[in-house]
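Asker: Here is how the chains run, residue by residue.
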Amino acid sequence: MSVRLISALSFVVFAPLIGGLISGIDRRITARMQGRFGPPVLQPFYDVYKLLQKENVIARVRQNAYIDFYLLFVIFSGMLLFAGQDLLLFIFSLTLASVFFILAAFKGSSPYSLVGAQRELLLVMGYEPMVLFAAVAFYMATGSFWVSKIIVHPVLLIKLLPGIFLGFFYILTIKLRKSPYDLSTSHHGHQELVKGLTTEFAGPSLAMIEVAHWYETVFLLAFVYLFFAATPWLGALAVVVCYFLEILIDNVFARAKWEVAVKSSWLVAAVLGFGNVAVLYLLKGF
Amino acid sequence: MLKNDTGRRVLVISSVVAIGLLSIKLLVDYYAATVVYFHLPAKWIESLVFPAEVAIGLLILGMCFRYRRWFPALLVLAQSGLIAWLEYFSTKKVISENPFFLDKFSLIMALIIGVVGGLIAVYALGYMKVFQEDYHKEVADRRGMFFLVLFLFIGAMFGIVFANDLIWMYFFWEITTLASFLLIGYKGNKESIDNSFKALLYNLIGGLGFAGAIVYLNVRADCADLSQVLDKNPVTISLALGLLAVAGLTKSAQLPFSRWLLGAMVAPSPVSALLHSSTMVKAGVYLLIKLAPLFKDTTVGYVVALVGGITFLVSSFAAISQSDAKKVLAHSTIANLGLIVLCAGIGTSEAVWAAILLVVFHAVAKCLLFLCVGSVEHALHSRSIESMDGLILAMPKTAWMMLIGMAGMFLAPFGMLISKWAVLKAVVDANPLLTVLLIYGSAANLFFWVKWMGKLIMLERPSEELTALKLEANISRTISVPLFSLGFLTVAACLTFPIMSAVLIEPYVLNVFGATVSMTRGNLIIMVLMLGMLLLFPFNLEPKRKGRWMPRVVDAYLAGVNYDSYSHVNSLGGISKNASRNYYLEKYFSESVLLNAGIISTVTLLVVMFLMGSKI
Amino acid sequence: MAYFKKSPWIIHYDATSCNGCDIEVLAALTPLYDVERFGIINTGNPKHADIFLVTGAVNEQNKMVVKNIYDQMPEPKAVIAVGICACSGGIFRECYNVLGGPDSVIPVDIYVPGCAARPEAIIDGVVQALGILEKKHLARKEARKQHDRIAAN
Ligand code: SF4
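Residue numbers (the numbering used here), protein chains in the order written: chain A, 129 to 414; chain B, 37 to 652; chain C, 11 to 163.
Here chain A stands alone, though its shape is the one from the complex (with noise of 0.2 angstroms):
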């Protein structure tokens, strides 16, 4: 239990520090592949001080309190991944958690807000089946739902579970806000939607929805290496290469429409996910 709950605490203060460093390494790379120098690894860091420092300008009275609930929760289900705790519960609280951060949209009605909050509904609704897929598969794999014991299981996770770890992979992109499933909240070169979901969202409160972002990247790595668990090195390394391969997709693709993103992890969690699945149950004999 106390090594449970030091886990826990250590992800609280580590996680934006690690996250933060994460997206500094982001932006140096992104900017290498775009043939610039970039800005230092720890922009993020000053970024999100000097917001702190800015005056709260609101469009609404009360749309702040909407991105606190959002950070509360989203470090709360990182909390419970690394507690160990049981992975529905944790993908349950994350959904609470993106609940309150598109509502916080709604909220500051903006015209720009109130898309980027409708296309995030769609983001997550498109995603929401491959991450619950993730959860069945492991819960068949392992026999628990508990990713105390998942992380224990003797056996290399992905060659039970390759189709999950590509779809899971697949909506990562979107996960982690990146091109070309940008589409609620787009970088801040390109601005058809302004910043989306993040649009009436200044000073402060946009500081806390970046560091939210940092401890989601963490835990969504994390949940990454949960398929390598049984091989800690093979873990590490995936986690690099995927997170790798992302900035590369980033940067390769445009934005797509959200049909396509909608429709394209539906069709992933239906054949990558579910047929994964399928094979599972059918080579266990349930």
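In case anyone wonders, no lab produced these hints; they're calculated from the structure.
Glycine included, C-beta positions come from ideal geometry on N, C-alpha and C.
Don't take every hint at face value.
Claimed, not checked - DSSO-like mimics (lysine-lysine), calculated; alpha carbons at most 30 angstroms apart, straight line: (1) B/Lys-129 / B/Lys-268; (2) B/Lys-165 / B/Lys-433; (3) C/Lys-73 / B/Lys-613; (4) B/Lys-623 / A/Lys-306; (5) B/Lys-613 / A/Lys-385.
Stated by the list, open to error - If you anchor each label on the Cβ, the simulated ranges turn out as follows: (6) B/Ala-528 / A/Leu-411: 39 to 47 angstroms; (7) B/Ser-499 / A/Phe-165: 42 to 50 angstroms; (8) B/Ala-528 / C/Met-74: 38 to 46 angstroms.
Let chain A serve as the given structure and place chains B and C with the ligand on it in line with the hints.
Answerer: What follows is chains B and C with the ligand alone, placed relative to chain A:
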């Protein structure tokens, strides 16, 4: 006395209080009992069942002749014929030894019917007053009849959950059919009459199935009681089981029979709330859950599970494309009942535990939502979700209750999500392939609820304009009290569910299956933690002092061409209001296409079931 | 250290111009100049920006846009007028509907001359604006402290 307002008020409220107290007293008296059987005080009451059934049949026949609908009439004649044959001509009629019973599941049901049903009746007082006096002046004021039927309905539900003798159960079953028929047609215009007959037709199909099952069970299997049926080997009575399943599926508005419940939304809102939460559809799932032990690993069980799963998927998808609030709720009800049916069809202890949880949580949250939509409809003169923007300021009390109800329907850590979670686990254990229906359906659920929630809280009009509408200024207490109580119950049900589960549901499941399930302590603590955090949300936690965190309100970003925060200067120099619409994705989730596909697949399944069942 | 120097986010608005300066601003984002080296981001949203970069003169049609964008920016904020049109109205100065530079509507902190202003000059202007941001931040902090002191007494 029922003719004047105050008299009616006193009568209704006192009966509601009496019913509520009685169901609680029942709980207090019998919470420790496993199963208790009851006898009727006198034998002659027994002999009244058949004449009463004939009377119901005649009443329905009369209505059919009046409106010239021949199909329902035929069905009534067919089922009355079956029962009459059994009563008077068959030598095989089995006399029930224990006509009534009570166990922990029926206690739970009684509590739902008593409390939720009672609150609806109180709400109906205020609602029907506005309905008759302001909103629908053209509709004849038949409130006396309305409340009479309402209580008849609630009474019949009590009958169903306490009846052990199938004949008695069938009798109450038919009363709910009749009552729903009368209430749906309350407005008396063509649309209502058409839809009430639609409901009647579908429910009579179920009734015919029920009657057929009773005859079969009496003649072939020598049982008259539900408890006896449960002791049988399911393979030997699979035809009867199939017929009972059809009865349960029609009443709980599953595909292919779901259209009647969609039509039923023409009824006044309290009726919808009643049909969708505590009565009617719950009778259907009650029967199926009761039969669940027999469904495990049988053809009928597989088919029931599949039908439930398909219904969940199809109805969740269909709800996406709807902008009529009541229709969204109707689809969502059908979908959630599909989950319950899916669990019943699987028939494992885990699944039944989840199913009972679903019944409880769904009743409370869905009832709350229907009552809220009823109030909103009267205030806005529209049921469209698109007209509900800014409701959080225009009708803050109702809107907050609606938000609680919606959160209760799909968000962690509220009831429906706990149950959905349990369902997912049960389904994975039973047959992981079924999860595909569950998983896609849940994603759709998320989509249509969140976009509705968003509509309630977004502000595209100045707040002064919204508050000046004063839509809640003279809301009567008979309306606000049920709303708040149900909102409170939605939250309280989540907090107390471990107790409810430990005292009532788990012992019931243990008694029926010899094994039980519960949630682990760690998960419970986490759920309570989450709920605790969420309960902080309504309070304003932002620091009050003017300082770094004190926000400054500026206009929303409109590419710089703001006229104010809510409207912009258009390209002709005029002023345009900002306006947005939700996504409905009709291209992908068209209701008619989905329903047709659902009906075709489920009809095929049912046909296959009967073909395979009759072989044995 | 408040890090305003390290992370200046910009919103760029092109008012009545020949688009020459507009293009130069965008040129600063290209690999050749790569302003992101300094943490400078072109946000396109006043609510995220620290620095308001205006190119071109202001006319009757767009003065409200300039004012709106300025109002919607959170404090502390700085305004840079880029190009001679933005400094004084430039070649459009005599037009019937031109008011002059953005300083006819909002307070401008830095003027970057040139027709068109060179990217180096624009970047230099931004760097100078950083000092102003820092100063404004400190002034805000001081005012807040004073306010607290008064409130406490
Ligand atoms: S300063 Fe020169 S280049 Fe810049 S906008 Fe004016 S005319 Fe065009």
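Asker: For every hint, state whether the structure bears it out.
Answerer: Hint check results:
Straight-line distance between C-alpha atoms of B/Lys-129 and B/Lys-268 comes to about 18 angstroms, which keeps the hinted pair within the 30 angstroms bound. Of the supplied pair hints, the one linking B/Lys-165 and B/Lys-433 holds, its CA atoms being roughly 20 angstroms apart against a limit of 30 angstroms. Restraint check: the Cα-Cα separation between C/Lys-73 and B/Lys-613 comes to about 21 angstroms, which is no more than 30 angstroms; the hinted pair holds. Using a Cα cut-off of 30 angstroms, the hinted pair B/Lys-623 and A/Lys-306 holds, with the two alpha carbons roughly 27 angstroms apart.
The suggested pairing of B/Lys-613 with A/Lys-385 holds, with an alpha-carbon distance near 27 angstroms, which does not exceed 30 angstroms. The beta-carbon spacing between B/Ala-528 and A/Leu-411, approximately 45 angstroms, falls within the hinted interval of 39 to 47 angstroms. A C-beta distance of roughly 48 angstroms is found between B/Ser-499 and A/Phe-165, which places it inside the suggested range of 42 to 50 angstroms. In this structure the supplied range 38 to 46 angstroms is violated for B/Ala-528 paired with C/Met-74, their Cβ-Cβ distance being about 52 angstroms.
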